[in-house]
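Peer 1: Residues per chain are reported as follows:
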Amino acid sequence: MKPQRDLSHLNFILFGGDYNPEQWPESIWPEDAQLMQEAGVNMVSLAIFSWAKLEPREGEFDFGWLDRIMNLLHAHGIKVDLATATAAPPPWMAKNYPDSLPMTKDGVTLYPGARQQYCPHSVAYKTLAARLVAKVAERYAQHPALAMWHINNEYGCHVSESFTPAGTNAFRAWLQAKYETMDRLNHAWGTAFWSQQYGDWSEIHPPRSAPTFVNPTQQLDWKRFSSDAILALMKMEVEILRRITPSVPVVTNFMGFFKPLDYWAWAQEEDLVSDDNYPDPLDPQAHIGSAMRYDLMRSLRYGQPWLLMEQTPAAVNWRNRNAMKKPDQMRLWSYQALARGANGVMFFQWRAAKAGAEKFHGAMVPHAGKDTRVFREIAQLGSELKRLDPLVRTTNHADVAIVFDWDNWWALELDSHPSIDMSARNLMPYYAALYQHGVTCDFVPSTVSADKLREYKLVVVPNLYLTKDGVGPVFEQYVAAGGHMVIGAFSGISNADDHIWLGGYPAPFRALLGIRIEEFEALGAGQKQQLITDDEESFACDTWRDAIQLEGARVLARMGEEEHAEAPAITQNTFGKGSAVYVGTCPDTQALTWLLARMCAEAGVVAPLAAPPGVEVTVRSGDGRRFVFVLNQTAQNVEVKLAEPMRDALTGLEHAGVVTLAGYGVAVLM
Amino acid sequence: MKPQRDLSHLNFILFGGDYNPEQWPESIWPEDAQLMQEAGVNMVSLAIFSWAKLEPREGEFDFGWLDRIMNLLHAHGIKVDLATATAAPPPWMAKNYPDSLPMTKDGVTLYPGARQQYCPHSVAYKTLAARLVAKVAERYAQHPALAMWHINNEYGCHVSESFTPAGTNAFRAWLQAKYETMDRLNHAWGTAFWSQQYGDWSEIHPPRSAPTFVNPTQQLDWKRFSSDAILALMKMEVEILRRITPSVPVVTNFMGFFKPLDYWAWAQEEDLVSDDNYPDPLDPQAHIGSAMRYDLMRSLRYGQPWLLMEQTPAAVNWRNRNAMKKPDQMRLWSYQALARGANGVMFFQWRAAKAGAEKFHGAMVPHAGKDTRVFREIAQLGSELKRLDPLVRTTNHADVAIVFDWDNWWALELDSHPSIDMSARNLMPYYAALYQHGVTCDFVPSTVSADKLREYKLVVVPNLYLTKDGVGPVFEQYVAAGGHMVIGAFSGISNADDHIWLGGYPAPFRALLGIRIEEFEALGAGQKQQLITDDEESFACDTWRDAIQLEGARVLARMGEEEHAEAPAITQNTFGKGSAVYVGTCPDTQALTWLLARMCAEAGVVAPLAAPPGVEVTVRSGDGRRFVFVLNQTAQNVEVKLAEPMRDALTGLEHAGVVTLAGYGVAVLM
Amino acid sequence: MKPQRDLSHLNFILFGGDYNPEQWPESIWPEDAQLMQEAGVNMVSLAIFSWAKLEPREGEFDFGWLDRIMNLLHAHGIKVDLATATAAPPPWMAKNYPDSLPMTKDGVTLYPGARQQYCPHSVAYKTLAARLVAKVAERYAQHPALAMWHINNEYGCHVSESFTPAGTNAFRAWLQAKYETMDRLNHAWGTAFWSQQYGDWSEIHPPRSAPTFVNPTQQLDWKRFSSDAILALMKMEVEILRRITPSVPVVTNFMGFFKPLDYWAWAQEEDLVSDDNYPDPLDPQAHIGSAMRYDLMRSLRYGQPWLLMEQTPAAVNWRNRNAMKKPDQMRLWSYQALARGANGVMFFQWRAAKAGAEKFHGAMVPHAGKDTRVFREIAQLGSELKRLDPLVRTTNHADVAIVFDWDNWWALELDSHPSIDMSARNLMPYYAALYQHGVTCDFVPSTVSADKLREYKLVVVPNLYLTKDGVGPVFEQYVAAGGHMVIGAFSGISNADDHIWLGGYPAPFRALLGIRIEEFEALGAGQKQQLITDDEESFACDTWRDAIQLEGARVLARMGEEEHAEAPAITQNTFGKGSAVYVGTCPDTQALTWLLARMCAEAGVVAPLAAPPGVEVTVRSGDGRRFVFVLNQTAQNVEVKLAEPMRDALTGLEHAGVVTLAGYGVAVLM
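Protein chains in written order, with this note's numbering: chain A, 78 to 747; chain B, 78 to 747; chain C, 78 to 747.
Accuracy of the hints is not assured; some may be wrong.
As the list claims (entries may be wrong) - With a straight-line Cα cutoff of 35 Å, these simulated DSBU-like cross-link-like pairs (lysine-lysine) come out: (1) Lys255(A) with Lys336(C); (2) Lys654(C) with Lys336(A); (3) Lys212(A) with Lys172(A); (4) Lys545(A) with Lys403(C); (5) Lys182(A) with Lys403(C).
What the hints assert, rightly or not - Coverage of chain B stretches by chain A, computed from C-beta distances (three or more under 8 Å per stretch; other residues unrestricted): (6) 151-164; (7) 332-344; (8) 443-456; (9) 469-478.
To be verified - Label-pair ranges, simulated between beta-carbon atoms: (10) Gly136(B) with Ala250(A): 37 to 47 Å; (11) Ala211(A) with Arg396(C): 26 to 36 Å; (12) Gly380(B) with Thr711(A): 58 to 68 Å; (13) Lys718(A) with Ala712(C): 46 to 56 Å; (14) Gln604(A) with Gln607(C): 29 to 39 Å; (15) Glu103(B) with Trp278(C): 46 to 56 Å; (16) Pro242(A) with Ser279(C): 40 to 50 Å; (17) Ala558(B) with Glu638(C): 28 to 38 Å; (18) Glu103(B) with Ser279(C): 22 to 32 Å; (19) Pro175(C) with Pro133(A): 32 to 42 Å.
FYI, nobody ran anything at the bench for these hints, they're computed from the structure. Keep in mind it's a predicted model, so treat the numbers as computed, not measured. Positions of the beta carbon are idealized from the N, C-alpha and C atoms, including for glycine.
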């Protein structure tokens, strides 16, 4: 991991949001600044979609308005996360450089009128973006309001791949750099199959629309290439910014579990991870999803602080049906980010737009103005957060690691597989089971070192279809030394080129798991089967069934259907000083809760507090302090028992044996 | 409204259909003419798809066959609604002018082989169509059979927008004419958002496929432009026809609530509104839908008579599953058109085709010939209608107006809104509730004058998301003077440019309604909530919920769910001498029936007759006469009580205190 | 039917599979050959996707590896079904000849990366394929392992039509050859409708994306043309092969009921029919579907033996969810092919691939190697089949014929019809009803001769929407002479040009059936109606209802719904010495089982054995032998009573009055 820039000037909890003054007459700006102070705002993200305003015609720049707003914000004590403004090119770019527009796999050009209408491989885009970044950086390098750089915006959000001729050429060059010879590519892609052998780099295409399934390794390399190519755009900006403002941290905003971009690689190129999170209030599991992505965000730079860069104060506008956060839910969910390592809570956006495609997106200042429930909740939160500044020097510590990486995600969800239900969504039940137990998790990539693994008491691998060379031995080392590991179905199947590991599945983990699998099969859509544990509890599973042969492992649960004749479904193998569990089906959350309770007990993993259902508890510590977050994710009042008397950092109140929380209530205990 | 041509020659109920003699050998024509007489046919629509027959090669015209059929029809006393034949260009047009083909937003060209394969912006199409119209008009200007002109056919039915380069250029020109300066366009479109600011007209595109939501005002202007551009095609034909045959009325056939074309504007350019209506017999609400569209058709030229230009005698063939009209249902539904102001009942088509894409479409003469149930019902209807000629000088008079216009429809259903369920379909429950009460409605556009509004006792505004400048004051004037108004949810939100009216929703109607709304939210798909009225009745609502603050209004109904704490759902405000109701959710038809019963009572709106459920009653009057239509929309016998003895215009029978109707039966009482 | 090549060298049951040695290092080949011997493999299909390996650069050929593997196989006594390798062009073809790529109706080009990426109309493809075929044929003409030629692979599987300019031109030429004059085409296509009259061949297009329904006859001719054009590719290869190796039989692999290709025409051009069949183990009716397609395969060359060319030993990988065949099910389903006339049972593929889009497809040698359930079952089957070689000189004899052809399938499923549910899927309930009765069927095309028909006691016509000239008289002749016939709804509607047969449906069969239909109608989606038989049994029907007038027929079943007033639903007419039944709705399988039981009884059709439900029994006989196949398609044990003692050809055991079969068990009795 590249070293992080000094962040010591960010020694407070960031609070604010995206600010788009260019959408409003300047006469409103002073009111904005004054309202921000009222709301406790200490930072705004500025100029994210301002390219057309900054460069209204190619090569003609206008920074006057931005100077004025920067000065105004500074005068009000508000720091700026200043954007490089490269996320949405002005319409003139498409006119002057028609080839800069992106193209779908069907050959359909995507036109201006929305945003992000650039092909990531376009030379015109790169040249023009680089010039803009340099202009912005040079102009504001010394501005006292500048606190960090906001690079582009949600890279890849709408256009994460582009099939233009430029894209085709870039793909060929990337392949040539990777494989060097045609033979190596032909071997890696398995082109002996279906008469696909290439004689020359120029014969290769991206996975365009084709008669049927495109070569899987070609598809996989295309995903790797596309993530790399977009990352190269960010690196281009980072280099410029670091040259001109070496000490200003750079950040781009992530989108949680966003499939197209390998955030493990991305996070290494910036100084601070940030996330845009829009949980759906209609989803009763939304808060568990948020917890999971926050744990990922914290893990991407191995426990360093991160930012919640965007959330909505109210509803969003891009779902089919957009529900409001209920009263207090915005506050609760803001604390949830802090509870899992965030050092800031920011919003999209400051003031609700009058026009455009996001005018119905919630904002800190709604259409109805400041005399609103939403603004009052914002101001309350802003005022509370000032009491938590010491948090910034703490972080979360986890005893459990979950293995997750993008290469596997991409490979797992390729077509022509045994079941389309065997996808990354199977991660969620594992996480939810650990969440029920009150256990905070870190994420690690599958190529994690043995040293890093040893920091954890339990390692959970919900799926590792694509298992690279060397991963098996590291996992064995970890378990042999006393670690505990749980591996989910359809793991250890193929290598980095997506070639099957032959000789009985899961070949790289057979010794570790003490099993051999000859066959697996998909269950029908919605088809449930019965799972019976060794203590005769009965659960349901679906999606998948392995035919497991025991080679030393013992059975933790077996299939309940008569036709499967009590075949093993979940097994455990003692390996060295530790043990490894294999889950040869997709158990439901209840079954996984049973399994992971047992594994946590074996591994000595304990929750920080015995909280009632629906109450989320995490701990941040460091710098001699310890904060316990208690978050009531239910609409009802709850009582949480404390092992010792604690003080609430928000209210200053002392709690003796118990703390009582209203529905959606929060306590931060010290 | 432009003045109507003299229609005094159409002083009888029109009865007939589309006639396509070119599909048959001439030897069959005499049989056709004779069967038409047998069926009581007095008018046919001719030559609608005859361009290729009239101009088999570019510039070579052949009118001989049309001369012969015109003469034959005249000799049999049958009038002709003669088409300009421009609806489907011959295949040679695509060959000679490939750019004349339409193009989708994905850039896909639509090819010949079906019909309507022309881009509305194609110069070639316009030039060739204009020449054809002139040729036809000149040739038949003096023909005694000619009764009116049938312009094109179902404009926009399959191709209502086209993204060719010609379309792009035309759009830019239309925008330039509308906005004059780039600044005005940039302001109207809100291009400060997402870096969309334009520097030159040539940078603008239609809303092609794009990375994400296209600018809403750009989309809205594109819809306005597309309706205008197709209307320009009709106006081009009208000008030619009026030049050559100044006294012959012109008509084009509409398709009811057809979203792409703003029929308020269209109706002003023709002499007579006509409608093609194909209710689905499998839809138990089909007759309510027909009533609603017939009320719209009558309203488009403010109560002037209109024609039912097309319906099927039996089944259609273009749905996935095409049910037959039941015995007597064709007759019943024909009278329904007359009952709501039509002066004619016509069919597609005369004789069922042997070949082509409509060979399974019902016809007056089916494949099985004249010895069929269908032909017998046609002949019976033709014979009956002769008794109703005095109807042509009467019309319907309504006490209730429904506000409806296309600009709002287009804007309401744009993407990036709070809920995709908040659409024009929410009109139906309001109409259905009034229909249950036996109340006939007019439609008016939202830009209706205060004078016009004062003609109504009650004005219902199911939705007016897009509320133009000046509408609020007119509504206030109407209510202040004693009118009653009901306004549905998500009204008064944006102005003509689709910019939000700030300051609490619905800003233009806040004073009128005595409320303020800070927030609204979408309910989940299929999610029902409870509505409790002030007389403690309980109903269901869905889709939407406003958080209403009372500023003078009283509560007619409140939300029943505990979490909403009895929040107001329907409110009423006394304003001047009248009152205004706001409906802050989407109540089901039962709830709206409850509400509109109360509002009709308050406004003094009464049904013409107290009819049992499923019996539709309307009144046409004028020229000293009054006809009461009693339509039994059920399959069962019904008895309808009369206030006074009346005579049945069809049977001549006198009815004392009651009239009995068989299932699907009809009475026209005087 | 063209004469069949001599097949006397294939005097044993073929057993083997697709073999792709080019995917593996040569060091593995000897193990392959040895394992094949172990498994009883006597034939493999070779080089199906080897074009890129055989011609790595245009015009440079490399046969060395193929020589070696041919020799190796020969040395192990394994015959070769050698492919012409034209199914998947190498990537260089798309580079050197970009126009050779196929194009969709939307104009989207399909790129390399998968397989079959050639436009069937491409001159480049044809030229290059022809050269390759000649090279392969010349090189291996005398090779002792060569047993037959495998032409291309699953023609049309992914690309069955292509809308390139070359395709457009070829279509025009095909039309010109068919119609000779524009007038004839205009008449056949009914172009008087919708102004579609053509003045020149160059005005005609394939049915590209269009504004609405494309002319039905144009669509139908396009399907005929596309089948012909792809067949021309096969004929091109056949001609080359017959020139070079006149005595080697040629075969291409079919895909059962594959809509794009008219296999009646195709089967005449090859020496042996073969089928690739992949029943879905999750479908409880899968075995009935297999029986039906096997009966079709046997019928395509009028009872001559055929091959099961491909099936999977385990699961496939191209469905969304791919279930495994249960233990013994692969064996059972292999015998099912033999039971219905196959002389061979082969698999895709020999050894499971490590890479590529089919790596999860089941194989005879799985990823886990030979110590697997799958390989053991393969080897058991291979060993058993050696005992059945005398089968090759027998075939099945059927008393029942089902009329089925592609022209009707294409026409029936065109758009703009009364109901999308009226499709070829309605064949299945008729077949299933006969299957329940243990009756084996032949298939015949609708243009079957009267002589051929007379071989059958009962002829079933599930649907014959498109009824060509002359078919009515042949059917009348058959019934008049004492035959029995059942005709399903929506038959006798249109002629070969898809023009309606006028005068009351079904005009060509009205005299035969003694009925007249004025109207038909679609029922709603999922709408069931009641059917009451003349013996007062009650069944369900759906999809369709004819309004039948009796003109001599009697009623076998009537509609049960009150609104239909007991209208006739199924009728029977005595015609000469026989009788003809009309089914004016879509009865469910129970109702058809009732009907066909009665018709079998009347016609004297009896099952070979009275077997319990779920047990399939067929008979193959010839050359003085008779084999009775008894297949237990259930998971439970069953007892089957025998009329006489019989010997099991597999076990050699004698069975007296009864044979007992385990779940999925098989007996072949003599």
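Peer 1: Take the hints in turn and mark each one as holding or not.
Peer 2: Hints versus structure:
Straight-line distance between C-alpha atoms of lysine 255(A) and lysine 336(C) comes to about 44 Å, which puts the hinted pair past the 35 Å bound. Between lysine 654(C) and lysine 336(A), the direct Cα distance comes to roughly 71 Å. Violation of the 35 Å bound is thereby established for this hinted pair. Between lysine 212(A) and lysine 172(A) the alpha-carbon distance is near 22 Å, which keeps this suggested pair within the 35 Å criterion. For a cut-off of 35 Å, the pair hint linking lysine 545(A) to lysine 403(C) stands: about 32 Å separates their Cα positions.
Of the pairs offered as hints, the one joining lysine 182(A) and lysine 403(C) is violated, with about 39 Å between alpha carbons and a cut-off of 35 Å exceeded. Check on the segment 151-164 of chain B: 0 of its residues sit with their Cβ under 8 Å from a Cβ of chain A, so the three-residue criterion for coverage is violated. Coverage of the segment 332-344 of chain B by chain A is violated in this model, with 0 residues showing a Cβ closer than 8 Å to a Cβ of that chain against a need of three. Taking a C-beta to C-beta cut-off of 8 Å, the segment 443-456 of chain B contributes 0 residues in contact with chain A, too few for the three needed, and the coverage statement is violated.
Only residues whose C-beta sits within less than 8 Å of a C-beta in chain A count toward coverage, and the segment 469-478 of chain B has 0 of them, not enough to reach three; the restraint is violated. Checked against the hint of 37 to 47 Å, the C-beta distance between glycine 136(B) and alanine 250(A) comes to roughly 55 Å, which is inconsistent with it. Between alanine 211(A) and arginine 396(C) the beta carbons are some 53 Å apart, a value that contradicts the proposed interval 26 to 36 Å. At roughly 59 Å, the beta-carbon separation of glycine 380(B) and threonine 711(A) lies within the given 58 to 68 Å, and the hint holds.
In this structure the supplied range 46 to 56 Å holds for lysine 718(A) paired with alanine 712(C), their Cβ-Cβ distance being about 54 Å. Hint check: glutamine 604(A) to glutamine 607(C), Cβ distance near 33 Å, so the stated range 29 to 39 Å holds. Take glutamate 103(B) and tryptophan 278(C): their Cβ atoms lie about 27 Å apart, and the range 46 to 56 Å is violated. Taking the beta carbon of each, proline 242(A) and serine 279(C) are about 32 Å apart, not inside 40 to 50 Å as hinted.
A beta carbon spacing of about 55 Å between alanine 558(B) and glutamate 638(C) contradicts the range 28 to 38 Å that was offered as a hint. Separated by about 29 Å at the C-beta atoms, glutamate 103(B) and serine 279(C) satisfy the suggested range of 22 to 32 Å. Take proline 175(C) and proline 133(A): their Cβ atoms lie about 41 Å apart, and the range 32 to 42 Å holds.
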